[in-house]
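Trainee: Residue numbering for the sequence shown follows the working numbering, starting at 1 and increasing by one per position.
Certain hints may be false.
Said to hold, decoys possible - Derived DSBU-like pairs: lysine-lysine, alpha-carbon spacing no greater than 30 Å straight-line:
#1 LYS226 / LYS165
#2 LYS149 / LYS165
#3 LYS59 / LYS274
#4 LYS59 / LYS190
#5 LYS226 / LYS59
#6 LYS59 / LYS324
#7 LYS440 / LYS190
#8 LYS149 / LYS168
#9 LYS59 / LYS168
#10 LYS570 / LYS226
#11 LYS461 / LYS570
#12 LYS40 / LYS274
#13 LYS274 / LYS324
#14 LYS226 / LYS274
Hints in this document: simulated from the structure, not taken from any laboratory. If you're wondering where the values come from, they're calculated on a predicted model, not measured in any experiment.
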Amino acid sequence: MLNSASSQANSSGHDESVTLRVMVTSDLHGELSGFNYFSKQPTTAGLVHTAVLINEARKQAEHSILIDNGDTIQGSPLASWAIEQLEQTPNPAVQALNALRFDVANIGNHEFNFGLEPLWQSYAIAEAQVISANIHNVDAQANIPSWIKPYAMIERSVSWQGQTKVLKIAVIGVLPPQIMSWDQQHLQGKIAVSDSVAAVAATLNQVYRDEAPDLVVLAAHMGMPKHSPQTSDAEQTLWEIAGLAGIDAIVFGHQHEVFPGTSVYDQLPEIDSKQGRIRGIPAVQPGAYGSHLGIIDLNLVFDERTGWQVSSSVVDARPTTTAKDPLIWELVEPAHEATLAYVQQPVGATAVTFSHQTARLEATAAMQFIHEAQLWYARNIQDPEFQQQLNSYPLLSAAAPFFTAVRESDESYTLIPPGAVTLGDIGDLYRYPNTLDVVKVNGADLRRWLEQSGAAFQQNKQGWEQINPLVPSYDFDNLFGLTYRYDLRQPVGQRLVELRYQGADVAAEQNFLVVTNNYRAGGGGDFAGLDGSQIIYRSPDMLQSVLINYLASLPEQTYQSELQRFWDIKN
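Using the sequences and the hints, build the whole thing.
Mentor: Below, the structure written as structure tokens:
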């Protein structure tokens with residue numbers, strides 16, 4: 001076991017040391033090609049750019065390991081195309097991991113969005129060791145392949161004072177247990193997920209007992225609460241895990257932050273966001289979409305009595321540039337070309353502009369299209385029990401804009417002009433592989449729901465300054481079918497000053513059905529106490545398919561509804 005108590009970024013004070021470089025990518029989300037299929041412009045993100053950093057960093061270090069920390073095969077048009085082509089073509093994201101000689105692949109939560117079979121089929125070709133410590137088979141079922149382990153073991157031969165020694169490195173993987181809610185339709189009764197802190201504690205005991213590693217790296221597909229002194233919540237438990245004995249380095253993700261560098265965790269105790277330390281342990285989070293390569297350099301010394309120890313460490317998150325790796329580009333170019341054709345397939349037309357530019361400030365046609373599609377789908381569900389509920393209670397729609405402007409100067413947001421609507425446009429409007437659920441809630445729940453969305457504003461501001469940039473757009477739900485107003489002179493939690501249904505005030509005990517996505521219905525974002533128990537109908541259909549089918553159902557397959565300004569802001 002290594003002693004990480006002294007992990008300052010300075011000289012070890014020893015005549016000789018061995019440096020192990022830990023490199024990590026996280027939250028690639030299928031961004032391989034360095035191309036934005038929505039704006040149709042090249043970007044500096046994507047594994048084709050990160051690969052340049054990987055090769056450079058590997059050459060600089062005599063001893064290194066390379067970890068991918070999950071959310072790798074989902075999240076881009078290329079990733080969606082790849083999942084559809086799995087029967088004919090290996091997943092190019094995993095092929096790229098092989099080409100770059102990744103040692104370990106930790107599984108993230110979004111890997112489960114397509115179900116178990118596409119996940120296993122994608123990673124079956126992986127040359128890296130695939131890990132997750134807190135997913136388990138249910139009873140005697142064997143739904144998790146035997147090649148997925150709770151931890152990986154890696155060995156490196158190192159020279160120490162003229163002798164060759166073997167350095168044994170364990171990497172433990174963990175993900176949020178909330179996947180059982182977020183992807184319940186794929187996972188219920190097939191796998192189980194245990195508490196993340198307990199799972200890592202148990203795996204630490206197992207790995208030290210069975211493997212006697214010299215070094216343990218935690219690969220956590222989770223983070224910590226942001227802008228809060230609260231050290232953990234149900235989803236983000238990394239701070240608690242970092243307090244377990246026996247962890248020498250941490251690579252983490254899920255939150256798409258760059259650490260060291262970000263200040264979002266500075267309210268937590270024992271956080272050094274400049275040097276990259278969590279409770280004294282060197283830690284790195286490399287952003288998202290291949291924007292950065294995370295690096296932890298562990299300087300090690302050997303003592304015959306105590307074994308290997310960390311004498312110092314240096315943490316860095318290196319940003320990508322425009323440089324492309326030719327090997328990775330050659331590998332992903334066929335998928336890139338196929339994706340270009342894939343996203344250009346026409347699916348209908350719009351007579352109005354679909355824009356999310358001002359969706360944080362006012363009702364928009366783009367959001368209304370999504371709401372109307374969700375309501376159309378729900379009203380056409382051919383299920384007698386659901387139809388009985390539908391005849392008994394008002395039906396509403398909840399949705400959030402995903403890619404918006406937060407300042408007037410922002411130029412990147414969803415923008416689809418009048419005319420043909422392509423498959424890529426639908427993916428731009430709705431960027432996540434969610435399915436549709438219907439929940440039953442009451443008026444008090446609706447008020448809580450909208451008050452939480454009201455936290456996306458800043459108090460006593462005007463115009464664009466009203467938007468709170470610390471609240472992501474995907475946590476700004478609209479509830480279509482109601483009319484409501486926010487008073488931004490009021491504090492968070494007290495801003496909803498009007499809430500009406502068909503002109504009448506909504507009563508606290510009044511029941512409603514709300515069409516939303518499976519993530520929100522299962523408790524994602526902690527809105528209105530939703531935890532999955534309120535779900536009365538689960539759809540197997542992806543919301544992108546719902547939008548496509550709704551568009552196809554319209555006269556001339558063209559959307560041309562008049563905008564309803566159902567919510568507004570009072571200053």
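Trainee: Give a verdict on every hint.
Mentor: Outcome of the hint check:
About 42 Å separates the Cα atoms of LYS226 and LYS165, which puts this hinted pair outside 30 Å; it is violated. Proximity of LYS149 to LYS165 is assessed by CA-CA distance (about 26 Å); at most 30 Å being required, the pair is judged to hold. Straight-line distance between C-alpha atoms of LYS59 and LYS274 comes to about 25 Å, which keeps the hinted pair within the 30 Å bound. Of the supplied pair hints, the one linking LYS59 and LYS190 is violated, its CA atoms being roughly 43 Å apart against a limit of 30 Å.
Between the alpha carbons of LYS226 and LYS59 the distance comes to roughly 35 Å, so the proposed pair goes past 30 Å and is violated. The straight-line distance between the Cα atoms of LYS59 and LYS324 is roughly 17 Å, inside the 30 Å bound, and the hint therefore holds. A distance of roughly 26 Å separates the Cα atoms of LYS440 and LYS190; the hinted pair therefore holds under the 30 Å criterion. Taking the CA atoms of LYS149 and LYS168, the gap is near 17 Å; set against the 30 Å cutoff, the hint holds.
With a C-alpha separation of about 21 Å, the suggested pairing of LYS59 with LYS168 holds against the 30 Å cut-off. For the given pair, LYS570 sits about 28 Å from LYS226 by alpha-carbon distance, which is consistent with the 30 Å threshold. At most 30 Å may separate the alpha-carbon atoms for a hinted pair to count; LYS461 and LYS570 meet this at roughly 11 Å. Under the criterion of a C-alpha separation no larger than 30 Å, the hint pairing LYS40 with LYS274 is inconsistent with the structure, at around 35 Å.
With a C-alpha separation of about 29 Å, the suggested pair LYS274 and LYS324 falls inside the 30 Å cut-off, and the hint holds. At roughly 16 Å between alpha-carbon atoms, LYS226 and LYS274 fall within 30 Å of each other, so this suggested pair holds.
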